[in-house]
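Place chains V, C and A on chain S using the hints.
Protein chains: 4
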Amino acid sequence: MTPNTPSKTSNLSHEGRRTTTIHAVGVYGASGYTGQTLLRLLGTHPQVQVAFATSESSRETLDGMELMPLADAPLDTVRAVFLCLPHGVAGKVAAEAAAKGVKVIDLSADLRLDTPELYQQTYKHEHPAPHLLPAPYGLPELNRQAIMGAAYVANPGCHVTSVLLALAPLARLKALSPDPIIADTKTGISGAGRSPKLDSMFVEVYGDVRPYNAGRVHRHVPEIEQELHKLQPDCGPLVFVPHVVPVDVGLLATVYARLKPGWNMARIRAAFLADYEHEPLIDVLPEGKAAQIKHAAHKNNAVVGIGPLVGDTLVITCAIDNLRKGAASQAVQNFNLMMGVPETVGLV
Amino acid sequence: MTPNTPSKTSNLSHEGRRTTTIHAVGVYGASGYTGQTLLRLLGTHPQVQVAFATSESSRETLDGMELMPLADAPLDTVRAVFLCLPHGVAGKVAAEAAAKGVKVIDLSADLRLDTPELYQQTYKHEHPAPHLLPAPYGLPELNRQAIMGAAYVANPGCHVTSVLLALAPLARLKALSPDPIIADTKTGISGAGRSPKLDSMFVEVYGDVRPYNAGRVHRHVPEIEQELHKLQPDCGPLVFVPHVVPVDVGLLATVYARLKPGWNMARIRAAFLADYEHEPLIDVLPEGKAAQIKHAAHKNNAVVGIGPLVGDTLVITCAIDNLRKGAASQAVQNFNLMMGVPETVGLV
Amino acid sequence: MTPNTPSKTSNLSHEGRRTTTIHAVGVYGASGYTGQTLLRLLGTHPQVQVAFATSESSRETLDGMELMPLADAPLDTVRAVFLCLPHGVAGKVAAEAAAKGVKVIDLSADLRLDTPELYQQTYKHEHPAPHLLPAPYGLPELNRQAIMGAAYVANPGCHVTSVLLALAPLARLKALSPDPIIADTKTGISGAGRSPKLDSMFVEVYGDVRPYNAGRVHRHVPEIEQELHKLQPDCGPLVFVPHVVPVDVGLLATVYARLKPGWNMARIRAAFLADYEHEPLIDVLPEGKAAQIKHAAHKNNAVVGIGPLVGDTLVITCAIDNLRKGAASQAVQNFNLMMGVPETVGLV
Amino acid sequence: MTPNTPSKTSNLSHEGRRTTTIHAVGVYGASGYTGQTLLRLLGTHPQVQVAFATSESSRETLDGMELMPLADAPLDTVRAVFLCLPHGVAGKVAAEAAAKGVKVIDLSADLRLDTPELYQQTYKHEHPAPHLLPAPYGLPELNRQAIMGAAYVANPGCHVTSVLLALAPLARLKALSPDPIIADTKTGISGAGRSPKLDSMFVEVYGDVRPYNAGRVHRHVPEIEQELHKLQPDCGPLVFVPHVVPVDVGLLATVYARLKPGWNMARIRAAFLADYEHEPLIDVLPEGKAAQIKHAAHKNNAVVGIGPLVGDTLVITCAIDNLRKGAASQAVQNFNLMMGVPETVGLV
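From first to last, the protein sequence lines stand for chains S, V, C and A.
Numbering that gives the first Met the number 0 applies: residue 0 is where the first sequence begins, and numbers increase by one.
Numbering that gives the first Met the number 0 applies: residue 0 is where the second sequence begins, and numbers increase by one.
Numbering that gives the first Met the number 0 applies: residue 0 is where the third sequence begins, and numbers increase by one.
Numbering that gives the first Met the number 0 applies: residue 0 is where the fourth sequence begins, and numbers increase by one.
Extracted from the complex, chain S is given alone in its bound form (with noise of 0.2 Å):
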């Protein structure tokens, strides 16, 4: 084994029979509320041990981890390294963990979208490692084979991983008609980040609702659209509203899609629990029963609604944590799926 292969022989094997391999990760951006919470989830994890943590605002300690300059992480002493960097920043990481046969998962955006170009269009600078796109896109339940075995992952946003869960059943069957989909969502303000800015102060979000970055103009329409016309090409566009609702986390899609014709809800539940079924970290709701964010917060699956059916408008609801299958805990599950460890380890 090299210096800079760190695995170990896990102290829980009984034996020497069942051997369990630890895996040496780094977390960089530790510090912002994402990093928080995935330095958690990697704390409780048994085949993780975390070597390093980075932050650039903060020399705090975080769960008995101590915060270091980007700058000094020992990038060689670990098999993976999770991103909770800025745009532009995560990139720059990527490219270097990925050139050492480092793992990665980039929790930010600039390994979602698959050309450089769209890239430019949506975050109005250059794509800073263009060589190492498209990546494999980190939504398990959508592209498994693909992040098995990958050595870098573009883990999704928030907002993307619930409006694509409420769709990606009906668009795989290619069950969208052309007319626009709306996507309604509500989100805890955990979503806008630690550092302070007025919009994310008590006294701002607290007895308000916020629509903002209303119709096409949020960085997250080009994501959703990307990954849903690899599903169906010829699926209607996206009218997407986010809102802010006075909670610290959770997030709940609306969504209002119109379908073909033939397509009612026996057939529409059938096609869900198809995909969903024997997901671990999908939870289907009865008939008649709506998602809500209380279904997910604090926790680490994604749960869905389907219906009501009007003419041919589905309302499918999706809740999920967005700090964790809106972020962290879906990091470690494209992390178990990279390094051959079961699924749901560290997140059942």
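In case anyone wonders, no lab produced these hints; they're calculated from the structure.
If you're wondering where the values come from, they're calculated on a predicted model, not measured in any experiment.
Each hint can be trusted.
Copies of the same chain are indistinguishable here, so a pair counts whether it falls within one copy or spans any two.
Simulated pairs of lysine to aspartate or glutamate, EDC-like, Cα-Cα distance not exceeding 20 Å:
{"hint": "1", "residue 1": "K196", "residue 2": "E55"}
{"hint": "2", "residue 1": "K288", "residue 2": "E59"}
{"hint": "3", "residue 1": "K293", "residue 2": "D198"}
{"hint": "4", "residue 1": "K91", "residue 2": "E125"}
{"hint": "5", "residue 1": "K288", "residue 2": "D198"}
{"hint": "6", "residue 1": "K288", "residue 2": "D62"}
{"hint": "7", "residue 1": "K229", "residue 2": "E116"}
{"hint": "8", "residue 1": "K293", "residue 2": "E59"}
{"hint": "9", "residue 1": "K293", "residue 2": "D62"}
{"hint": "10", "residue 1": "K259", "residue 2": "D233"}
Same frame as chain S, now just chains V, C and A:
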């Protein structure tokens, strides 16, 4: 002046030249959240004296007013009554009051639907006073002429007010396409009333966003469609998903409406401004701004945001205080119109 | 093994060398907030199998467990029962269980006070099972020896746990002066239970901080003083003012205690560390840090902040989750001690 | 009338017989939470015209008022200024205004402490305008005579207002024993200001109760003791623990004071009623009722609950809106007294 014409000269008048009439009114069902808000508004209304307030559940004193049982209310001593009663009960009191020449502002659902048949279908019991139907619909911005001088009016529901205000200028110009209209509303829990129930408890509402009665099962759907069809009979059907959000008061409707060809943002804004620019209780936001609950909570006005327009899908946001423009302050507005008092007295 | 000794060999054991006993337990009153939290904790406890759960108000299924009426509960099939029942009712079930040799963790108030007289004076009705008094008081950090192997224990109230943990190290060393002890607590509304009532509704709790039962009228006062006097009989009387704050769970006690001459911060910290440093479920904060609800909410431990000392007045802060260390997780801790299971199994 | 005496005849007057003077005022530091509240109050004050409002951080328009930098403010054009500026800055503007004969209501801490020495010790920098000290302390219920006609006043801090109102009637009668006085306050986060900082972010405040600056380190302690000692020089020292609670506005002080022998509830209530019964902006609750934040939030008055008395320890609760009676509405009350306007104009 007969004993049951309880109007007196205001002590605010000067030198006998300008006299202000003070109207005695009664409030039925004053102990609920709407009733309390109404009592507070009437308490500062310079041309109103609250002669009595009723409650079946409470003998408490509210804003200096001792509550009495409905059966003891001296209906003969007032010029107008406000009914914050359950449906089924309100209609009976409305009929009695109307028979005595006492003006009625009914905040229940009893007078809102135009026919006893639609009422029975919606509320699952016989209409308590079918001879009063159809009643003038008390949304002043749509129906001011019919309200002025009316003997009784049906005060609209809170969801209805916000959705209709979002759509009326378009419907009046027949701009809506026949496609489904999506109304996704977010409402404070006070809308569920003050009777203790599990779903309204702090622990249940806190940290959650909860859809309910999704699709077309909410009782406000027939009311919205009835009024909308008066403006544009061929508009599309409503798909309505209300959500409870963790705030006490406030309601935001995010409405997605597809328009007929030929409607661009300039023409759309012109339509809204033509209808609302001079409305004292509607604020139209500048282009690019969406309405949010904070714009309207604890205030008596509605706030409307127009756009964006995505293809032919227009996003309209409308925020109100569900207990005010969605109930009590709209009732005062109707009262003012019915009594010949300037429309915004007691409201601005 | 007799039929009503339902312990079985764990399927987690390897090769017959290490065997783990799984204990069948019953939960009475499982549909309240404490009962729900307890069911969740027991559901992940590796040495527990929940055989039944009762509710008088609900037939719902909780965490996969169908609730049954108390009268149908198969008491004979379990080794231990947890009672989340109203006072007056719990004592009867406790007596019945104790008579059958089933261990009892009583989360109600019925076994907390040492004499039937004090109980009657406090709860205004006769004690349901006076022969069980005095019962071992189930605050492990104060009373571990008596709990180990006990047939039944009285699980403390939430306010009591926080106030006693704030004072015990001082009282044990007779450090408290005879002056009044001030305990100002701030508690989440879940402490008021899951039965719908006006004071627990979202609209009422939101935006408020509400003192209640101020002084010495709260029923937890005799319980706190009884236990405190066992440690220091001559300490001063308690002045107790609980406040409801707008959070779902969590409790912070800010305690102001005057000390006898000779106590400085160094000696005070030493006293606390001597008692708590090795306690697995108590965290003592570094000097200068006060406990806050976030330290303990959704966690099973108590967090204690010591100081400042102002003259002879010491400020102690103690945060717990009122449903966990203040109720359900403390019950599991007691269960573990009673059954010979390592104390923190299922809790860390 | 000189150019810098901007008073004009009101257009509300009738026939020249009753004239109302309208005073031009300026607001410095209008973009913070206090400044915003003050601008709203002044906007509806019938005898005030806001001539200018300043902000160093914002060029936004607030309530129709364009904000300008402090340096551009036309101080000569107004009769009075309200200073919502940081300490250190406010004192300089106060001195400049006072020199020009413009009345000053200083909402900062600069004029609150009577000596430059105590100020320097508390705020760790030199006093910006020592010649203005001691300034009349602007708590009208304690100090009305000195405020009437004053050239400048020090508007009290929010914690100070609530704690002093809870203690003043006792201190005035020398009823307090020499024992420590405990003040445990619970305050909305708007008290921490509108500048973005981590501790004020929604995610941090939500779900928490957080003590801070416990003991005697909070800068309001010297201010409280200074004023209290004017009433009773031999009262005990203050032990002060403020807590942030998850509400936007409102402050509750729970005060525990020991009394000299001979004080019973009847005598205590008599003392409070003698001082407060005729105060227009203080409500004394009936016996047995404690003040809660909802009593005072969004209102201009203070609410005081007296008792219980436990031995010689009296519990007093005092609720205010920290931005109103704790800041902006108290400033208007002071302004009214200084200008000879009836005290509650614009406030009730």
